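Chemist: As a plain string of letters, each chain reads:
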Amino acid sequence: AEAPLTVFAAASLRGALEEIAAAFPAPLILAYGGSGTMARQVAAGAPADVVLLANSDWMDWLADQGITAAEEAQIIARNHLVLIAPAGTAPLSQSADLPARLGPTGRLTMGQRDAVPAGSYARDWLTHDGMWEGLQSQLAETDNVRAALALVARGDTPFGVVYASDAHAEDDVQIVYEVPADTHAPITYPAAALTPEGIALVDFLITQKAQTILEDHGFLRADHGS
Amino acid sequence: MLEVTLRHRFDGFDLDLSFTTEGGITALFGRSGAGKTTVINALAGLLRPDVGRVVLDGEVLLDTQRGIWVPPHRRRLGYVFQDARLFPHLDVRRNLTFGARYAPRGSQGAGFEDTVALLGLEPLLDRAPATLSGGEKQRVALGRALLCHPRLLLMDEPLASLDGPRKQEILPYLERLRDGGLGLPILYVSHAVDEIARLADRLVLLQNGRLKAQGALFDVMADPAAVPLLGVREAGAVLEADVIAHAEDGLSTLAVRAGQLELPGVQAPVGTRVRLRVLAQDVILSRQRPEGLSSVNILPVRVDAVHPGDGPGAAIALDAGGDRLLARVTARAVRDLDLREGMGCYAIIKATTVAPGSIGR
Amino acid sequence: MLEVTLRHRFDGFDLDLSFTTEGGITALFGRSGAGKTTVINALAGLLRPDVGRVVLDGEVLLDTQRGIWVPPHRRRLGYVFQDARLFPHLDVRRNLTFGARYAPRGSQGAGFEDTVALLGLEPLLDRAPATLSGGEKQRVALGRALLCHPRLLLMDEPLASLDGPRKQEILPYLERLRDGGLGLPILYVSHAVDEIARLADRLVLLQNGRLKAQGALFDVMADPAAVPLLGVREAGAVLEADVIAHAEDGLSTLAVRAGQLELPGVQAPVGTRVRLRVLAQDVILSRQRPEGLSSVNILPVRVDAVHPGDGPGAAIALDAGGDRLLARVTARAVRDLDLREGMGCYAIIKATTVAPGSIGR
Amino acid sequence: MVSFGPIMDLDAAAWAALVLSLRVASVAMLCSLPLALWVAWILARKEFRGKGLLSALVHLPLVLPPVVTGYLLLLSFGRNAPLGRLLESLGIGLAFHWTGAVLAALIMGFPLMVRAMRLAIEAVDPRIEDAAATLGAPRLSVFRRVTLPLIFPGILAGAVMGFAKAMGEFGATITFVANIPGQTQTLPSAIWTALQVPGGENRALVMAALAGLVALAAVLLSEALARRVAKRISGAR
Amino acid sequence: MVSFGPIMDLDAAAWAALVLSLRVASVAMLCSLPLALWVAWILARKEFRGKGLLSALVHLPLVLPPVVTGYLLLLSFGRNAPLGRLLESLGIGLAFHWTGAVLAALIMGFPLMVRAMRLAIEAVDPRIEDAAATLGAPRLSVFRRVTLPLIFPGILAGAVMGFAKAMGEFGATITFVANIPGQTQTLPSAIWTALQVPGGENRALVMAALAGLVALAAVLLSEALARRVAKRISGAR
Ligand SMILES: Nc1ncnc2c1ncn2[C@@H]1O[C@H](COP(=O)(O)OP(=O)(O)OP(=O)(O)O)[C@@H](O)[C@H]1O
Ligand SMILES: Nc1ncnc2c1ncn2[C@@H]1O[C@H](COP(=O)(O)OP(=O)(O)OP(=O)(O)O)[C@@H](O)[C@H]1O
Ligand SMILES: [Mg+2]
Ligand SMILES: [Mg+2]
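Chains as they are written, first to last, in this note's numbering: chain P, 1 to 226; chain E, 1 to 361; chain G, 1 to 361; chain A, 1 to 237; chain F, 1 to 237.
In case anyone wonders, no lab produced these hints; they're calculated from the structure.
Heads up, a few of these hints could be off.
To be verified - Straight-line distance between alpha carbons at most 25 angstroms, and here's what the computed BS3-like set of lysine-lysine pairs gives:
1) K212(E) - K167(G)
2) K231(A) - K231(F)
3) K212(G) - K167(E)
4) K212(G) - K212(E)
5) K51(F) - K51(A)
6) K231(F) - K46(A)
7) K51(F) - K46(A)
All values reported here derive from a predicted model rather than from experimental measurement.
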């Protein structure tokens with residue numbers, strides 16, 4: 001058999017990547033982590049053949065460090081934001097209803113605004129829709145999207161902003177509002193090969209087969225919207 | 001009044017005894033490892049014996065059969081440990097006053113100033129226990145136990161590392177505690193027979209975890225069975241005497257039944273009754289009344305009994321006008337002087353032989 | 001041969017002294033807090049004095065001026081601590097053998113079996129130190145120090161918590177150590193003057209951190225200046241005597257310069273020289289030769305000097321055919337008998353007064 | 001290399017995080033002291049069935065990844081957990097509240113505090129406590145007047161460790177109370193946040209240095225205190 | 001509630017993570033023992049300028065968020081850092097290697113080990129050591145034959161804490177050596193990974209329970225050992 005490839009991947013891709021690994025001809029070793037952590041590790045010489053991030057800023061940073069050439073980065077998937085609530089909650093007809101639905105004490109869960117990409121997209125959206133200032137004291141920012149999801153699923157907060165792909169995987173929550181894509185920067189998942197062997201995987205990720213798997217896990221295709 | 005019955009097994013050591021005390025000072029005497037500390041620990045509540053019963057002045061402190069066990073802090077027994085066990089984090093002053101607050105309101109007992117003065121602790125009050133010498137530690141431990149105003153004092157060789165002069169200062173103080181208004185009873189462990197003879201009213205002899213003898217000091221000390229335990233040198237009689245006069249040269253005149261004695265260093269005021277200890281080995285017998293001796297204490301006596309000893313000595317029991325005296329002489333002297341029961345002779349007691357420490361009560 | 005000069009300041013205590021020893025047993029005597037333990041600690045290297053010099057058999061162990069300081073483990077001094085300081089994690093056997101491996105190859109000294117037997121430690125060998133009685137701990141500590149084959153033994157009140165009979169077993173052993181082929185010198189701290197009188201060759205008297213007197217035992221014990229320090233009861237002379245005969249009744253005849261004495265309990269074989277201690281208070285003076293006394297030990301003496309004491313007593317220095325004797329009599333007796341320098345009289349020494357413990361060497 | 005100049009340039013959020021961390025760490029340390037002392041005392045002095053289990057339980061926060069601890073806290077004290085609801089109705093909100101951060105820090109530091117105190121208690125000679133009892137001191141007084149002062153170095157060590165751990169706790173805290181600037185964003189959360197942004201390293205390191213300085217101050221203080229106590233006991237002045 | 005049945009169902013990756021964690025924790029604990037003992041001894045027995053600073057330095061990994069420690073490790077020992085390159089050329093690869101996980105665990109557990117041992121050393125009566133010296137034992141022998149056995153409970157406590165901490169270390173480890181299954185994925189990393197998938201909580205909790213069991217075993221063992229030693233010293237049999 002071929003030597004396995006090591007992939008450093010954003011943790012939010014895990015569900016889909018596991019399936020893709022099964023479909024990929026060579027064995028894959030999947031190492032998950034935060035995008036920033038992995039970008040630094042790659043810069044420090046991590047033994048990865050492919051790096052797969054949830055944030056294009058960190059891919060740009062890697063390019064700045066001279067680790068990858070900017071043009072080598074390949075967007076392999078996209079995502080969009082959704083507003084979720086515990087299963088059984090009535091959907092929102094418009095985003096402006098959110099403050100009222102939260103009430104005076106309810107909190108809105110989202111990723112940390114600066115550190116977690118989903119958080120900064122959520123901030124973009126809330127700012128765009130003019131609710132950011134008003135909700136300042138009602139946010140519950142988490143260190144990753146999964147944590148946000150868990151908070152909503154357990155009903156600790158009535159609403160949360162997560163990726164559609166995350167909401168897709170959790171049965172205890174339901175999507176109550178789809179955030180329009182034009183209210184925030186595009187959500188992309190860039191991949192880059194770090195070794196010649198890695199190129200095959202990056203290429204495989206944008207094949208129809210892989211893209212379908214990603215779609216099955218709630219992601220948008222790499223070419224979505226373009 | 002203390003009644004004690006204890007049974008306890010250590011690996012290789014069996015304690016099984018029962019004794020009573022009747023106020024005053026009771027000495028617990030026995031060889032190293034005889035079980036003295038074990039007994040005292042059981043009294044203090046620091047050791048829970050397998051079987052036992054301890055009653056102090058009618059209060060049951062321990063009764064394993066009835067499941068009674070009064071915790072140490074409610075027993076109010078002042079314990080002077082064989083090792084001083086001072087509180088290392090407190091200076092001497094705070095060590096001394098540690099127990100004061102637990103003494104019942106209005107309880108009387110040793111005062112701070114007095115105790116500090118007696119034990120010579122003034123210069124040490126601000127010192128940490130770690131900087132004290134062995135004897136200094138022991139003095140602080142003694143003061144600490146006294147100052148908690150106990151109803152019974154347990155002393156485990158409290159004077160072992162003190163020098164002679166210091167002992168001579170402390171012993172009268174213990175006597176005052178016993179005899180003062182409080183009548184503080186004391187259970188006193190010591191190897192020093194002279195301390196015991198001076199202080200104790202009762203004597204409890206232990207051997208190998210068992211009771212060997214108990215009773216009034218006079219009786220036990222005179223018990224031939226006790227002699228090997230106490231040591232030959234320490235046998236002797238104890239007399240009661242009345243103080244008649246103090247002369248200017250420091251000698252005092254004391255009346256015993258058979259006559260008068262001139263003794264130095266008697267502190268008791270005229271008219272009081274004191275206790276004299278006359279060691280058997282300090283008594284010389286003479287058939288004629290001797291003249292021109294440096295010793296002026298000569299009493300006419302009658303030989304009560306001649307007890308030949310194991311070795312070359314013999315113990316001569318004497319009747320001195322009703323008082324009992326004991327003389328230890330050589331077997332050869334018995335033969336030479338032809339000492340026999342009923343014979344009259346003279347006992348020469350060297351004036352300075354009666355140690356100041358032996359004059360008590 | 002040990003030369004010691006030490007100067008050290010504690011807060012409130014000044015040590016400043018210098019003394020020498022010459023093999024054999026040197027006793028360090030002083031009241032509680034006099035600085036005895038401090039001196040021994042400095043010798044052992046556990047305390048670094050401010051200024052000092054210690055030379056043992058020509059080897060400089062300490063010289064603050066020249067910056068010499070031999071660490072404790074290379075001094076090879078066996079130290080019996082005032083508190084036993086056993087190793088709590090080792091059983092008695094391992095405590096005893098702890099130092100054996102550091103003794104120089106082929107060094108001679110106490111053997112394990114002998115030491116264990118002498119100190120009565122067999123039944124304790126597997127015990128943890130925490131379960132030992134006070135005296136048992138002290139015996140183990142003594143054995144531990146002996147078994148490391150030191151070239152000088154430092155003993156800080158090693159027998160204080162031992163009973164009389166046990167002491168009587170250990171003292172001869174220490175004498176054998178001193179006198180045996182090894183001639184192990186010992187520096188011995190004790191409050192018990194009878195121990196010192198029996199054992200010591202030299203005496204160093206400390207008071208309050210200063211040297212008060214030092215010298216051969218006989219000289220210092222007879223020094224009137226030493227009397228208050230030693231305690232009035234303990235003053236006395238030490239005589240050398242030759243054993244002449246042992247009679248069947250247990251009395252032995254010993255020759256001193258002024259005559260013969262009949263004493264019980266002498267173990268030494270005929271022909272040997274022993275040391276007798278005669279307490280000043282056990283000597284009675286008579287102007288005429290007394291007759292018909294139970295005491296047969298009467299020596300003709302001459303009054304050397306009359307030292308009136310502070311109290312009602314007086315010390316009479318006597319010349320007994322070249323030997324020195326000391327008698328303590330009352331001032332009244334001095335007057336009545338008209339004792340004065342140069343006067344001839346008789347000293348009555350009660351046969352049984354000479355304690356077996358005082359007959360040594 | 002990190003330059004210390006930029007400390008002054010730290011923004012308000014960072015200062016707020018520092019202040020919050022100090023508050024959380026102090027409160028956590030103070031709150032857990034008595035409980036830790038009690039548990040340490042039981043573990044040191046009592047023999048009972050299940051002692052090993054209790055000891056293991058105390059060690060648990062050390063073994064579990066902090067996220068798990070945080071998650072378990074969320075399960076137990078979340079707004080919809082029975083316990084959490086009960087506390088909330090009593091006015092003790094924990095989730096998303098700085099008090100929750102205290103709870104997380106407290107639990108994470110607990111094993112350290114217990115162990116330090118336990119070692120100290122085990123080192124106390126019970127015969128000294130016996131002596132106090134014979135002088136009439138009831139159990140609690142013996143503890144207060146003898147045991148407590150004697151184990152002071154251990155308590156101090158436990159306090160420093162608990163405080164330091166609380167200053168550094170991140171995983172459980174962020175999982176349990178999230179990362180709300182000004183409310184639950186502790187210094188470690190802020191540092192982590194800074195590290196997630198490209199180019200945020202310097203800011204993170206400056207904040208880390210700040211945390212280090214606080215720890216230095218705490219450690220130096222504790223060392224000085226410990227030295228004073230040791231001096232008093234040894235009698236040196 | 002977590003059911004323990006599923007433990008048997010854990011996949012190979014989880015078992016690999018457990019085995020790796022055990023290895024990392026044991027090696028880290030064993031390697032740091034001597035160094036921690038040495039530092040503890042210095043802190044307990046020596047007085048010197050900068051002692052407070054050394055103590056603060058030892059506490060540092062407690063105060064810093066683990067991510068920062070991991071980041072600093074990455075900066076120092078990364079494959080592109082001079083030190084890392086040097087070590088790598090000597091055949092000691094640390095970054096992205098299980099040995100790196102050992103280093104991270106070792107550093108994070110170090111303050112705990114030092115403190116436990118230091119407290120134990122401070123509790124040893126130096127007069128007992130003096131006694132050993134007068135019997136002829138050189139310094140090192142005194143340490144080996146007297147001090148060491150007397151502080152055994154402290155060493156044991158330190159070892160357990162170090163081991164437990166190493167079993168639970170996550171932040172510094174994942175930052176320094178990443179989360180590569182079969183190579184650097186420790187149990188905490190595996191637990192974290194499981195938590196990243198919705199519905200992964202159960203798997204995470206089962207693994208956490210596994211970690212708890214390991215810790216339980218370690219703690220029970222240490223308690224039993226400590227009890228035996230205590231019994232020997234008190235003389236009970
Ligand atoms: N925990 C224990 N386990 C086994 N034996 C013990 C224990 N405690 C005491 N002993 C033994 O019990 C006996 C009595 O001890 P105790 O301390 O009462 O003696 P003591 O009369 O006070 O002796 P000393 O005068 O030497 O202090 C000793 O032989 C001692 O070894
Ligand atoms: N560290 C210290 N600080 C202050 N004073 C001290 C210190 N160590 C000892 N001393 C004092 O020095 C004096 C001499 O102490 P040392 O222990 O040598 O006495 P000692 O002669 O052995 O007495 P003892 O017979 O009571 O054991 C004592 O008064 C003691 O209080
Ligand atoms: Mg005893
Ligand atoms: Mg001393």
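Chemist: Now tell me if each hint is right for this structure.
Modeler: Hint check:
1. K212(E) - K167(G): OK: K212(E) and K167(G) at ~21 angstroms, within 25 angstroms.
2. K231(A) - K231(F): Roughly 32 angstroms between the alpha carbons, so the hint for K231(A) and K231(F) is violated.
3. K212(G) - K167(E): 21 angstroms, holds
4. K212(G) - K212(E): 45 angstroms, violated
5. K51(F) - K51(A): 37 angstroms, violated
6. K231(F) - K46(A): Holds, at about 14 angstroms.
7. K51(F) - K46(A): Roughly 36 angstroms separates the two Cα atoms, so the pair is violated.
Going through the hint list in order, the structure does not satisfy hints 2, 4, 5, 7.
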